[in-house]
Amino acid sequence: MNVGDKLSAPKDQILKALDRLRKNWKIVGPTEGPDGEVIFREIESSDEITFNYVNELDPIKRFLAPPTEELFRFRTNGEVKLELPEPPPRQILFGIRSCDVKGIQHWDKFYSGKFVDDAYFARRNNTVLISLACNEPLETCFCICTDTGPFLEEGDGYDVQLTDLGERFLVEIGSERGLQVLEEAGFKAEAASAEELAKRDELMRQCDTKFETTAFMAKGIVQMTNGRVRDSLWEEMGHECFSCGACTHLCPMCTCFDVQDVMEAEDCGRRERCWDSCQYAGYTREASGHNPRAATGSRIQRRFYHKLSFAYIKQDGHHGCVGCGRCIIACEAIGLLDLPAVLKRLRREGQPVEVTQVPTE
Amino acid sequence: MSGSNGNGHLYVPQLAAIVKITDETYDTKTFTLRFVDDDYRKNFTFKSGQFVELSVFGAGEAPFGFASSPNRREDFDVTIRAVGRVTNALHAKREGDLVGVRGPLGNHFPFEEVMGYDILFVGGGIGLPPLRSLIEPMLEAREKFGRIIILYGARTPADRVYKSWLVELEKRDDIEFMQTVDVGDDSWTGNVGVVTTLFKKISVDPSKTVAFTCGPPIMIKFVIQDLLQMGFDGDHIISTLERYMKCGVGKCGHCAIGHKYVCTDGPVFSFTQMRALREQW
Ligand SMILES: Cc1cc2nc3c(=O)[nH]c(=O)nc-3n(C[C@H](O)[C@H](O)[C@H](O)COP(=O)(O)OP(=O)(O)OC[C@H]3O[C@@H](n4cnc5c(N)ncnc54)[C@H](O)[C@@H]3O)c2cc1C
Ligand code: SF4
Ligand code: FES
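Keeping their order, the protein sequence lines are chains A and B.
Going by the numbering used here, the letters in the first sequence line up with residues 1 to 361, in that order.
Going by the numbering used here, the letters in the second sequence line up with residues 362 to 642, in that order.
FYI, nobody ran anything at the bench for these hints, they're computed from the structure.
Possibly wrong hints are sitting among the right ones.
[What the hints assert, rightly or not] DSBU-like, lysine-lysine: derived pairs with alpha carbons at most 35 Å apart:
#, chain 1, residue 1, chain 2, residue 2
1, B, Lys-505, B, Lys-390
2, B, Lys-532, A, Lys-114
3, B, Lys-408, A, Lys-114
4, A, Lys-188, B, Lys-569
5, B, Lys-408, B, Lys-524
6, A, Lys-219, A, Lys-81
7, A, Lys-81, B, Lys-408
8, B, Lys-408, B, Lys-390
9, A, Lys-210, A, Lys-109
10, B, Lys-524, A, Lys-114
11, B, Lys-408, B, Lys-381
12, A, Lys-314, B, Lys-408
13, A, Lys-109, B, Lys-505
14, A, Lys-81, B, Lys-403
15, A, Lys-210, A, Lys-6
16, B, Lys-569, B, Lys-532
17, A, Lys-314, B, Lys-582
18, B, Lys-408, A, Lys-109
19, A, Lys-11, A, Lys-188
20, B, Lys-454, A, Lys-81
21, B, Lys-390, A, Lys-81
22, B, Lys-390, B, Lys-403
[Claimed, not checked] If you only want the chain B side, here are some residues facing chain A, beta carbon under 10 Å, derived:
#, residue
23, Leu-394
24, Phe-396
25, Tyr-401
26, Ser-416
27, Val-417
28, Gly-419
29, Ala-423
30, Arg-442
31, Gly-445
32, Ile-536
33, Met-539
34, Gln-540
35, Tyr-605
Ideal Cβ placement from N, Cα and C applies to all residues, glycine included.
Same shape as in the complex, but just chain A (with noise of 0.2 Å):
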């Protein structure tokens, strides 16, 4: 076997490979929950995978940054004494979906480059990605326009990829760490042949046809590029958003966190970090007590203007949105908020507007 391999093997090939790896890996991967809904948790055996599900409404990043995770302890008695948290287990997340990989391709960039997030790489390093490609779309789906998906294709961050052929896996190998897990598990398969091959290309080709929600996306960058918007615009979103944050929380590709020491006790407690949100008001409240962002508008604008902004594309290599649509799920304002709602409304904004220019008070 080697990196770029593309297998073919009977589906419980793979799961008896992944009951193998149990032994000495963490498992993480698609189950049932209590109300039918998909529920990504560690799993004890294969047995508990489903394989009924598109996507979860949680994000995977929870598994690589979670919401609340340490990043030090400390002892204040006396000298003062810093503890660094336990190494975290090795995982595999199974089944997860072509766009949350690709969110965690933007967040291995983000927090590498000149400082590295070493809590982050923590856990990254000792992370294998196992993704299941989409033959079917949720409604809410929209990863065709950001190019996120339904299919990876090499390069795009999957170790190990699988599709749905039915009766077997077609089995792309997509990294060393892929290889190396398949290899530890003695996972044995035959090159696909060319009409495996073909079948795969045909279900790709057949679910680009099922997306029923579409984003804007070209015209989304060039009017926050631009600055085309009207402020009242953006006043008029400050009224219906409830600024609850699920949009950011939900996103896996929101990387935002709040630091805060808790005590445990008199002389000994922990430092963490936990998922915050630009759409809170606190969120760039000073001590002063000025607040560059005080209004709701000014908050969504710039959750936009992250997303979409050519500064940011540059920067990043790519917009920030991977078509999940977990933020259309979740948006309290129904229907008005999410990033596709939104595109539809900055679609029909023209005129340029100057840009405002300080100081002018």
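Following the hints, position chain B with the ligands against chain A.
Below, chain B with the ligands without anything else, positioned relative to chain A:
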């Protein structure tokens, strides 16, 4: 690795001892900090304009600008106003107590680049400390710079920091130093009025002067407005921007202005750069 704090971890600070606490005003103190680890201390350098993330374990972490000369290698100063959780916890500390320090963070003021120029400093209230980290090394290399003009404004005489240093500045004849307060008191015989009223009392040649300003956002706005009117070029106006910060290393998102991050792209910006920002500061 950048930002690894000598321990390989982006968010785990180095321990530093508070070796001296100096009262500045009723709500502001200067803390002199010295790293506990000998090797780390010996190798530690920073540049004027940079900042640290300071931890009081149990209360949290907050950003503060270096307030002393980078040429001082054994220890450094931060001058801190008590306004909230971290700053109040810090004010409750005593000499000898340990705090955490991550840094140096952020970009820095130009130094070599402005040699030969006249230098104009405009500081407001708690904005003077970061400027002091630039004023001091400039005074130590006095002959490398043209005129050095320092204007300092505070709300009241009691709100002025570094009162004995200000007296020293007043005595020097190789600099021009003026201070003012918004509201005077019985013993105050100096200027009264906001800091920009001092502009009328000086004459500068904007083409050969670089202005540095630091203070509350509203002051910075007025100062820049006046400097532009005096004929300053945007590249010759250098300011620091303050934003609510958490991580200090470009990851948490809090300090973003447009697509710039004050913690890594700043906190020092020229007005030309500020003007290009796509969001109000
Ligand atoms: C680059 C940089 C350099 C700086 N340099 C200095 C310096 O040299 N000296 C200095 O003194 N300061 C400096 N500051 C400012 C300093 O960082 C802040 O004063 C500090 O972060 C305050 O932290 P705190 O925990 O004490 O305050 P917090 O407890 O965070 O809050 C302070 C105040 O904010 C308000 N507030 C906070 N949260 C809320 C809320 N949820 N609802 C309502 N009100 C709220 C409250 O009025 C509170 O009193 C600098 C800032 C930056 C970004
Ligand atoms: S903006 Fe909405 S649709 Fe796009 S990745 Fe984030 S949650 Fe998914
Ligand atoms: S303070 Fe975290 S990104 Fe700047």
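Right, here's what the structure says about each hint:
Pair hint Lys-505/B plus Lys-390/B holds up; C-alpha atoms about 32 Å apart against a cutoff of 35 Å. Distance restraint check for Lys-532/B and Lys-114/A: the Cα-Cα separation of roughly 44 Å exceeds the 35 Å cut-off, and the hinted pair is therefore not satisfied. A threshold of 35 Å between alpha carbons decides the hint, and for Lys-408/B with Lys-114/A the separation of about 18 Å falls inside it, so the pair holds. Restraint check: the Cα-Cα separation between Lys-188/A and Lys-569/B comes to about 74 Å, which exceeds 35 Å; the hinted pair is violated.
Taken as a hint, the Lys-408/B and Lys-524/B pair is honoured in the structure, with Cα atoms around 24 Å apart against an allowance of 35 Å. The straight-line distance between the Cα atoms of Lys-219/A and Lys-81/A is roughly 53 Å, outside the 35 Å bound, and the hint therefore fails. Restraint check for Lys-81/A and Lys-408/B: satisfied, since their Cα atoms lie roughly 29 Å apart, inside the 35 Å limit. A C-alpha spacing of about 22 Å is found between Lys-408/B and Lys-390/B, which places the hinted pair at or below 35 Å, so the restraint holds.
Among the hinted pairs, Lys-210/A with Lys-109/A is consistent with the structure: their alpha-carbon atoms are about 31 Å apart, no more than 35 Å. Taking the CA atoms of Lys-524/B and Lys-114/A, the gap is about 40 Å. The hint is violated against a cut of 35 Å. Our distance criterion of 35 Å between C-alpha atoms is met by Lys-408/B and Lys-381/B, whose separation comes to about 22 Å. This hinted pair checks out: Lys-314/A and Lys-408/B have alpha carbons roughly 29 Å apart, not beyond 35 Å.
Pair hint Lys-109/A plus Lys-505/B does not hold up; C-alpha atoms about 43 Å apart against a cutoff of 35 Å. Between the alpha carbons of Lys-81/A and Lys-403/B the distance comes to roughly 21 Å, so the proposed pair stays at or under 35 Å and holds. Restraint check for Lys-210/A and Lys-6/A: the C-alpha separation of about 26 Å stays at or below 35 Å, so the hint holds. Between Lys-569/B and Lys-532/B the CA atoms are separated by roughly 25 Å; this keeps the pair inside 35 Å, and the hint holds.
Note on Lys-314/A and Lys-582/B: the hinted pairing holds, with a Cα-Cα distance of about 30 Å set against a maximum of 35 Å. Only pairs whose Cα atoms come within 35 Å are accepted, and Lys-408/B paired with Lys-109/A is accepted, the gap being roughly 28 Å. For the suggested pair Lys-11/A and Lys-188/A, the alpha carbons sit about 12 Å apart, so the restraint of at most 35 Å is met. Taking the CA atoms of Lys-454/B and Lys-81/A, the gap is about 17 Å. The hint holds against a cut of 35 Å.
For a cut-off of 35 Å, the pair hint linking Lys-390/B to Lys-81/A stands: about 26 Å separates their Cα positions. Only pairs whose Cα atoms come within 35 Å are accepted, and Lys-390/B paired with Lys-403/B is accepted, the gap being roughly 26 Å. For Leu-394/B, the shortest C-beta to C-beta distance to chain A is roughly 14 Å, which exceeds 10 Å, and the interface hint is violated. Given hint, Phe-396/B at the interface with chain A, is violated; its Cβ is 13 Å from that chain's nearest Cβ, farther than 10 Å.
Taking 10 Å as the C-beta contact cut-off toward chain A, the hint placing Tyr-401/B at the interface is violated, the least distance being around 14 Å. Hint status for Ser-416/B relative to chain A: holds, with the closest Cβ pair at about 8 Å, below 10 Å. Because the beta carbon of Val-417/B sits about 8 Å from the nearest beta carbon in chain A, less than 10 Å, this interface hint is met. With its C-beta approaching chain A no nearer than about 5 Å, Gly-419/B sits inside the 10 Å limit, and its interface hint holds.
Satisfaction of the interface hint for Ala-423/B is found here, the shortest Cβ-Cβ separation to chain A being roughly 8 Å, below the 10 Å cut-off. A cut of 10 Å between beta carbons decides the hint on Arg-442/B: the least distance to chain A is about 9 Å, and the hint holds. The criterion of a C-beta within 10 Å of any C-beta in chain A is met by Gly-445/B, whose closest approach is roughly 5 Å, and the hint holds. Checking Ile-536/B against chain A: minimum C-beta separation of about 28 Å lies over 10 Å; hint violated.
Because the closest C-beta pair between Met-539/B and chain A is about 23 Å apart, greater than 10 Å, the hint is violated. With 10 Å as the threshold, the beta carbon of Gln-540/B stays out of range of chain A, its nearest partner Cβ sitting at about 22 Å, so the hint is violated. At about 5 Å, the closest approach between the beta carbon of Tyr-605/B and any beta carbon in chain A falls short of 10 Å, and the interface hint on this residue holds.
Of the numbered hints given earlier, the model fails hints 2, 4, 6, 10, 13, 23, 24, 25, 32, 33 and 34; all others are met.
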